[in-house]
Structure formats: C-alpha cells, structure tokens
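Undergrad: Please build the complete structure, drawing on both the sequences and the hints.
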Amino acid sequence: MSTSPQVAVIGGGYAGFAAAVTLARGGARVSLFESSRTLGGRARVVEKLDYGLDNGQHILLGAYEETLRMLRLVGVRPNVLETRRLALVYPGLCELRAAALPAPLHLALGLLRAKGLSWADKRAMARLMSQLKRQAYRVEPDQPVSELLAESGQTDTLTRLIWAPLCVAALNTPVDQASAQVFANVLKDSLAAAASASDLLIPRVDLSELFPVPASRWLAMRGHQVRSAEPIKAIEAHEGGYRLDGDPWSTRYDQVIIATAPYHVAPLVAGLPAMAPVVACIDALRHEPIVTSWLAFEGPVKFPEPMIGLDGGYGQWAFDRAALGGPEGLVGVVISARGAHQEISREALEMALVAELQQALGPLPALRWSKTITEKRATFACTPGLQRPAATTPEPGIWLAGDYVDSPYPATIEAAIRSGVGTARSILKRYGLKEGSLLMG
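The numbering used here applies: residue 157 is where the sequence shown begins, and numbers increase by one.
Careful: at least some of the hints might be erroneous.
Claimed, not checked - Pairs of lysine-lysine residues, derived as DSS-like cross-links and limited to a Cα-Cα distance of at most 30 Å, are as follows:
id, residue 1, residue 2
1, Lys458, Lys271
2, Lys271, Lys289
3, Lys458, Lys527
To be clear, the hints were calculated from the coordinates, so they are not data collected in a lab.
TA: The structure is reproduced here in structure tokens:
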C-alpha cells in the first residue's frame, strides 16, 4: 500500500534539486532547505559589478543524459546550452576536432586530421583507446592515470596536450594521483560512445539559472517547499521520523536526504550515533580546489573556439564568454586541482594569466577588471581504489546525495544529478511509488 512520505532535502545544489524533483514526480511531499540565499551549492552564480559570474566555469557533455533529462523536466530550453562538436584547440600548438560523422568515425577522422600531433602521437592515442576497449574499460588493479599512460606508450606531447588536461578537467585530480579506472569510465561514456556523447555543452546562463532556479520554480508551482537562507543545524530523531533544527515549522519528516557538500554532513548527524561509520568514510576523503579567474577586457577578444587550452603556464582552459551570451571581452580561465598557482598572490596569478592569453591569442585590449574565485574544496580527490560513501546509511531514514557518493564517475554535475535521482528513486521504492506515476511534468 503506497503512502505519500514527507521528505526533507538539505542542500540546494544540483543533487538536492534532482532528488526533490524526482520525489515530487513520484508523489512525495518535499521540503528543500538551502542555507545560502543563492541556489546551486558549489555550482552557483557570484555577483560582480551587477553581472552574474559562475563560481567555476563548467562544461557539460552530450553524454550527460540524466542532466539533460532533468533540464527538460523543469522546462529549461535547449538553447541555453551552446552545443559544439568536441574540439581540443591549443592555438598555434594543436587542434583535434571531431568530424561530423557517426561514431567511431567522428574521432578516427578527427585524429587523422589533427594538427600539431605527429603520427607517433596519433598511433599512441589509437592504441590506448583500443587497449581500453579490449579490456572492456576495466583497469585492474586500479592505478594512477600517469602509470596507465606510460604502460600504453603514450607520447610526451599527447600526454601534455590531450590526456593530462582531459584527466584533470574530468577528475580534478593531478594525473599522477588520479584513478585510471574512473578516467577509463569517463572515456567509455564520452569519446568511445555515440558521436553526440563527446559534444561540448557550454551553458549560456549562469549555473544557478541553468537548473536550481528553474527546478525551484517547478517545485513551488506544484505545492512543494523551497526554503533558501534557512540553514539546518542538525537532524534529530523524533517520533519514528526526524525533525530538523532550523526548520521553522518543526515538521516531522519520514525521510531526510543530506545533499550538502560532504564536509557539512558530520555536524548534521552528530546526534545520530549510527551515522559514525559514514562520517568516518567522508572524513577520509581528500579534496581538491578549482580556481576560476574572470578577466574583463576593454574590447573584444578573438578566440578560435569558445573554449581553448593553455599550455606551459598556470592556466588550463580559457573560455570566451562573449561567444556564449556574455558581455564582450569577458574571459574565464580555469585551473583545476592543486598546483603552483596556489603559491603566488591573486594579483600575480591574474597578471600571469593575461600574459598566457596574450601568448596564445596575440595582443589583447586593456584589462578593465578581474575577479578570481577559489573553491578550496571543490571536489574530492579521485584517487585509485577510493572508498566513497553509499547513498544508503545505517540510519534507516537518512540518505546521502552528491557528486562524492559512490558511483563509477568523478565529481561532476552529471554525477550529482545521477546521485540525487538514484537516492530519490530508492525512497519512492520503499513506499511503493515510482517517479512519474502520480505527478507528471
């Protein structure tokens, strides 16, 4: 016999809203709490001179099926994503562009036509992809990506311009520490899948507006509660369910999903002894930063692609926001994982990045303003054999959702959304409910 559970979701990021929407579509009564006034969690908008900047420039892939499904569900228009065939472009150094052909010809022809890569580089890339396919993309035992690349005879050029940048961008972990198994999973679902799976989807709107804000409106229109600027301090057991310290209604909840960053879990569950092993598992996670420097120039900056790679300095990827609906002259430069950039001042870093852009693109207009945003604990360090917590916990009514929860994937928007959806479906199943069976939309 099905009932309608009362479920609290703590955390207004991508995982939390994916869980809340899924629960609502299955007939649960949902209340979502976000401590900040800004929705999005670690993928959110930051204001600068009346303009919304992302706290970090994110790229989606065509392989992000759950993300795209969730965007459609809450009414996000497809044109908010700039869709481009895969293009890894380092101006003056290297160009690898997927061809307009079905898989696997799109990459095969793209590799044959690639500029700046020798035949040895191209053979090495094909060799690694063939090796992984023969192994069914299993790396046993797991090892650092750098060891996988060395064992498969990848060239220095290919490692520097293709594999290492892709690894750091996907796993946010240095190549000599990153999990080869997780990297293989990423390659399987992107480069080795359908041609559209490797498409780059770059948001034209800020990260709060891409999904959390539309999802909040979707929930509110269907009678569910979304409470921003209302921090929850603790979860307390109460009459066979739970109450939240910070909930102004003192509602009793049947189930609670913790969809915060992992380092916020411990204080929330301090009064629930059964959660101690989960907290210990989370505490063992190491975290990596992401730095995004937004550089606003006085005039237009000419990019060969909306996204280019930078080589030999601090910057890793640069984005032309003017090509994506942003103001003319606004450039975002992303630096993933830890590195030498952490050892210099913000001002010195920004000036170095301007010089790197000028080396790649030629003369630039004068710099008008700059803003560097550092997420010190942007993601977990995705290392070989890492133990990640499960969505289910020893406390029967407490669940986890987030990009750090156990899965085959690194900490990405897609991982966060998959986690939220999966946790919500598990709750619905307990009550004999199914997503979409009671409430469509």
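Undergrad: Hints first: check each against the structure and report whether it holds.
TA: Evaluation of the provided hints:
1. Restraint check for lysine 458 and lysine 271: satisfied, since their Cα atoms lie roughly 20 Å apart, inside the 30 Å limit.
2. This hinted pair checks out: lysine 271 and lysine 289 have alpha carbons roughly 25 Å apart, not beyond 30 Å.
3. A hinted pair counts as satisfied when its Cα atoms are at most 30 Å apart, and lysine 458 with lysine 527 qualifies at roughly 21 Å.
In terms of the numbered hints stated before, the structure departs from none.
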